[in-house]
Amino acid sequence: MRKILIAGEGGQGIQAIAEILARAAFLESKQALYIPNFGVEQRGGVSLAFVTIDSQPIVYPKFEKADILAILSERSWERIKNYVGLQTKIIKGPAVEGGKSSNLPPKVWNVVVLGKINKLGKVISQENLIKALEKRFAKQFEKNPDLRKLDIRALTEV
Amino acid sequence: MKQFLMGNQVLAKAALDAGAKIMFGYPITPSTEILETWAKFCLKDKSLSILQTEDEMAAGFGVIGACLAGVPAFTATAGPGNILMQDAFVMAEALRIPMVSMIVQRGGMSTSTVIYSQEEVRLTCFGGNSEGFRIVYSTFNLQELYDYTLKAFQVAWKYRWPTFILADGYQGKMMGEIEISNFELPISNLKPILTKGANLRNCYNLEEEIGEIIVNYSDEYNKVRGEIEEYEEYQVENAKVILLAHGIVAAAAKVAVDELRKKGGSIGLFRPITLRPFPAQAATKILNKAEKIIVLESAIGQLAELFKAELFGLNTTLIEINKPAVGFTPEEIIKTIVSLQ
Amino acid sequence: MDNLPRFPKCYKAESKPHKFCPGCGHPIVLKMLGQVIDEMGIADKVVFMVDIGCSLLAWDYFDLPTTQTHHGRTVPTAVGFKMADPEKIVIAYMGDGGAYAIGLQHTLTTCLRNNPITTIVVNNTLYAMTGGQLAPTTIDNEVTTTTPGGKTEFTTLKGPELLRTIAKPEAYFESLKNKVLSKTGSYLKNKVLSKTGSYLARGSTDKPLVLKQYLMKAIRSQMAGNYSFVEALSVCPTNWKTDAKKTIQRIQELEKEFQLGEF
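Chains as they are written, first to last, in this note's numbering: chain W, 1 to 158; chain C, 1001 to 1341; chain Z, 2001 to 2263.
Don't take every hint at face value.
To be verified - A few chain W residues that face chain C, going by a derived Cβ cut-off under 8 Å, partial list only:
(1) Glu19
(2) Ala22
(3) Phe26
(4) Tyr34
(5) Pro36
(6) Gly39
(7) Val40
(8) Gln42
(9) Arg43
(10) Val59
(11) Tyr60
(12) Phe63
Unchecked claim - Subject to a maximum C-alpha distance of 30 Å in a straight line, what follows is the list of computed DSS-like cross-link-like pairs (lysine-lysine):
(13) Lys1044/C x Lys131/W
(14) Lys30/W x Lys1263/C
(15) Lys1040/C x Lys2168/Z
(16) Lys2019/Z x Lys2207/Z
(17) Lys1323/C x Lys65/W
(18) Lys1021/C x Lys1044/C
(19) Lys107/W x Lys89/W
(20) Lys2012/Z x Lys1196/C
(21) Lys1002/C x Lys131/W
(22) Lys89/W x Lys1335/C
(23) Lys1040/C x Lys143/W
(24) Lys131/W x Lys1040/C
(25) Lys1196/C x Lys139/W
(26) Lys139/W x Lys1263/C
(27) Lys81/W x Lys1323/C
(28) Lys65/W x Lys116/W
(29) Lys139/W x Lys1040/C
(30) Lys1196/C x Lys2045/Z
(31) Lys143/W x Lys1046/C
(32) Lys135/W x Lys1002/C
(33) Lys65/W x Lys1046/C
(34) Lys2207/Z x Lys2256/Z
(35) Lys1040/C x Lys107/W
To be verified - If you want the footprint, here are the derived chain Z segments under chain C, 3+ residues with CB under 8 Å:
(36) 2046 to 2058
(37) 2066 to 2074
(38) 2079 to 2085
Rather than coming from a laboratory, the hints here were simulated on the basis of the structure.
Where is the CB? At the ideal position from N, CA and C, for every residue including glycine.
Bound-form chain W, shown alone:
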């Protein structure tokens, strides 16, 4: 079982990548359960996503300690520090590292993190991850094909 917690602020695209991750697992005939967790602010605030992937059906969508924690905004640290256990592996998003760790524009930094999560956790095949990405952003890619190239780069350029 893999327990992945993604944390950041509203507007950083956390829910999008969580959904992609869970859907990719589904496409790979694994069991996955994803749940968002956030308050009423549309921007800012704290945005969390819990993704659990396993070979057995998952019964409860939240967990105590994450196997992998991806943090996209320094400000959300307060809210998620209780989910960090001794075994938790932490991934920092480019915003947390002052934007130095990526050459790509901020709008795809969430996908960069997605790529890092998958590389670290070896969760899903790259192929299914891309399939899930394309399904989630189908409308956006149709309007702007360059965005697709950018997102694939973000995903694969780890």
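Got chain W sorted already, so can you dock chains C and Z onto it with the hints?
The following block gives chains C and Z in isolation, referenced to the frame of chain W:
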């Protein structure tokens, strides 16, 4: 066919497959996606309609209007919307309207959070100025959201009590795999209610008039409740400790039971699926054999209240673990049980 | 005996004599409505819904499918029914409380949406069944049980005028003045309704035959797919505490405050 869907999408799809034709609703988190998904269905299928109303009262009464015309209709709401809809729900009890409503529980007490709780149990079961002649299903995973919605439409039109799917914001917003049957289940007993010869009222003049009607309803409700009650008993044979929980808390409790049994614990779970009518006879029979009953709920005593009267006089110890508006992970439940031994 | 006016055929004989107070305006409105339904030959299509208040006494008035609803909720129930069965003619019948206070947002929104139902509001400027309290249509300085010193609260609500500001534009039908109404309602075949939007009118129980025309037009409006609304200025001698003469005097004074006509 397996699909990857959000709970709220599942609810909308289930209503469609159940034969519903109209949805009335007012946007309120965490139920809004049900209305939005139905709106998308309406674009593709011209036999369906949707009305986003000016408030929840209009939504509830709109459903009643459609049901009076013999068309299966439904609504969805949460929290403060659930409160406003009680106006409609209690009239549906009085006039025996088969309205189906999905309650996606959010935080309790006033506006609260938009996320989760189990604090609308009392309201959904007994929120009218009445005796709660309602049918309430408490689901505990994505598959049940689908299966019990199909059932709700069948049961509502058969027995003519307002019927509810009581879910919560976790179930509504979580995304996972679900099996969609894709075949339509025709509703039996589907016919217009407000026809020639029907002059319906809910206002009466003297005490005895309405008293008699309420007693008749109560007798009828008690007569059919055996056909409607549902529950799940899990590993309760020879269990010294039995957990009592509903909804997603029961899902976590099930995992806890498995883990504790692996470690040699003598523990089981009783999960009521219908909170109304509550499976009281079955509960008493099963819980009577345990030494300890531990109730777990994301509220203060709302589930416990439903059966405490039935258990009065039993020799079993009852412990209530209340976490209003906050969920229970399986790990947490295990720790709690262990600390209570 | 043959000279006496007949009950409308769509009346329910078992519920007569009715339960309204002597001198009440409701039976006048209901009789006009009954005659309209008879003359248009639509009894098998009409669904009648009543609110809480004196209108609820009409629950068994007609031999038509009828339901009471909760206070202020007659309009949304009518909307739901009409969406489910557009072939029926759905009438929501209520008082000034149900339409303009507790049900005001439903009245407004339904007009805004141009839902094709017909709302009939019997306005006697107070809440009669509960004993004569303040209503949105209580006029200035009017004494009610909750304004014992005379009303000084909010401005008097003028329903059709208010609705005209938000209703689907284009006003009313050609006048029926010169048309002869056939008993079987055959004039319906000659309807010239394509240019009309929502139909809004205010009549009076003091001029019942004019009110009857408005009710007929309102139903035609629904049949053409539009919202319709008729306020019937009415009397309540019981709560006004007026004798017959003063009752008629008072409604004639009210007709100066509440303009009659089509809006």
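Hints, one by one, checked against the model:
1. Here the hint on Glu19/W is kept, as its CB sits about 6 Å from the closest CB of chain C, short of 8 Å.
2. With a least beta-carbon distance of about 6 Å to chain C, the hint placing Ala22/W at the interface is held under the 8 Å criterion.
3. A least Cβ separation of about 4 Å between Phe26/W and chain C falls short of the 8 Å threshold, and the interface hint therefore holds.
4. Nearest Cβ of chain C to the Cβ of Tyr34/W: about 5 Å, under the 8 Å cut. The hint holds.
5. Checking Pro36/W against chain C by beta carbon gives a least distance of about 6 Å; that is within 8 Å, so the hint holds.
6. At its closest, the beta carbon of Gly39/W sits 7 Å from a beta carbon of chain C; the interface hint therefore holds under the 8 Å criterion.
7. The beta carbon of Val40/W is positioned within 8 Å of a beta carbon in chain C (closest approach about 6 Å), and the interface hint is therefore held.
8. At about 12 Å, the closest approach between the beta carbon of Gln42/W and any beta carbon in chain C exceeds 8 Å, and the interface hint on this residue is violated.
9. About 16 Å separates the beta-carbon of Arg43/W from the nearest beta-carbon of chain C, more than 8 Å, and the hint is not met.
10. The interface hint given for Val59/W holds, since its Cβ lies 5 Å from the closest Cβ of chain C, which is under the 8 Å cut-off.
11. Given hint, Tyr60/W at the interface with chain C, holds; its Cβ is 4 Å from that chain's nearest Cβ, closer than 8 Å.
12. A distance limit of 8 Å between C-beta atoms decides the matter here; for Phe63/W the minimum to chain C is near 6 Å, and the interface restraint holds.
13. Of the pairs offered as hints, the one joining Lys1044/C and Lys131/W holds, with about 25 Å between alpha carbons and a cut-off of 30 Å not exceeded.
14. Distance hint between Lys30/W and Lys1263/C is fulfilled; the C-alpha atoms sit about 27 Å from each other, no more than 30 Å.
15. For the given pair, Lys1040/C sits about 27 Å from Lys2168/Z by alpha-carbon distance, which is consistent with the 30 Å threshold.
16. The suggested pairing of Lys2019/Z with Lys2207/Z holds, with an alpha-carbon distance near 23 Å, which does not exceed 30 Å.
17. Taking the CA atoms of Lys1323/C and Lys65/W, the gap is about 20 Å. The hint holds against a cut of 30 Å.
18. For a cut-off of 30 Å, the pair hint linking Lys1021/C to Lys1044/C stands: about 13 Å separates their Cα positions.
19. Only pairs whose Cα atoms come within 30 Å are accepted, and Lys107/W paired with Lys89/W is accepted, the gap being roughly 24 Å.
20. With a C-alpha separation of about 12 Å, the suggested pairing of Lys2012/Z with Lys1196/C holds against the 30 Å cut-off.
21. The straight-line distance between the Cα atoms of Lys1002/C and Lys131/W is roughly 17 Å, inside the 30 Å bound, and the hint therefore holds.
22. Restraint check for Lys89/W and Lys1335/C: satisfied, since their Cα atoms lie roughly 24 Å apart, inside the 30 Å limit.
23. Of the pairs offered as hints, the one joining Lys1040/C and Lys143/W holds, with about 21 Å between alpha carbons and a cut-off of 30 Å not exceeded.
24. As the CA atoms of Lys131/W and Lys1040/C are separated by approximately 23 Å, the hinted pair is consistent with the 30 Å bound.
25. In summary, the hint linking Lys1196/C to Lys139/W is not supported, as the alpha carbons are separated by about 51 Å, beyond the 30 Å threshold.
26. Restraint check for Lys139/W and Lys1263/C: the C-alpha separation of about 50 Å exceeds 30 Å, so the hint is violated.
27. Distance restraint check for Lys81/W and Lys1323/C: the Cα-Cα separation of roughly 21 Å lies within the 30 Å cut-off, and the hinted pair is therefore satisfied.
28. Our distance criterion of 30 Å between C-alpha atoms is met by Lys65/W and Lys116/W, whose separation comes to about 19 Å.
29. Restraint check for Lys139/W and Lys1040/C: satisfied, since their Cα atoms lie roughly 15 Å apart, inside the 30 Å limit.
30. For the proposed pair Lys1196/C and Lys2045/Z, the alpha carbon gap of about 9 Å is at most 30 Å, so the pair holds.
31. Between Lys143/W and Lys1046/C the alpha-carbon distance is near 28 Å, which keeps this suggested pair within the 30 Å criterion.
32. About 16 Å separates the Cα atoms of Lys135/W and Lys1002/C, which keeps this hinted pair within 30 Å; it holds.
33. For a cut-off of 30 Å, the pair hint linking Lys65/W to Lys1046/C is broken: about 48 Å separates their Cα positions.
34. As the CA atoms of Lys2207/Z and Lys2256/Z are separated by approximately 14 Å, the hinted pair is consistent with the 30 Å bound.
35. In summary, the hint linking Lys1040/C to Lys107/W is supported, as the alpha carbons are separated by about 28 Å, within the 30 Å threshold.
36. Figure legend: the segment 2046 to 2058 of chain Z, annotated as covered by chain C; annotation consistent (3 residues with Cβ-Cβ distances under 8 Å, at least 3 required).
37. Against chain C, the segment 2066 to 2074 of chain Z contributes 7 residues with a C-beta closer than 8 Å to a partner C-beta. That satisfies the three-residue criterion, and the hint holds.
38. Note: the segment 2079 to 2085 of chain Z has 7 residues with beta-carbon separation from chain C under 8 Å; the three-residue rule is met and the coverage holds.
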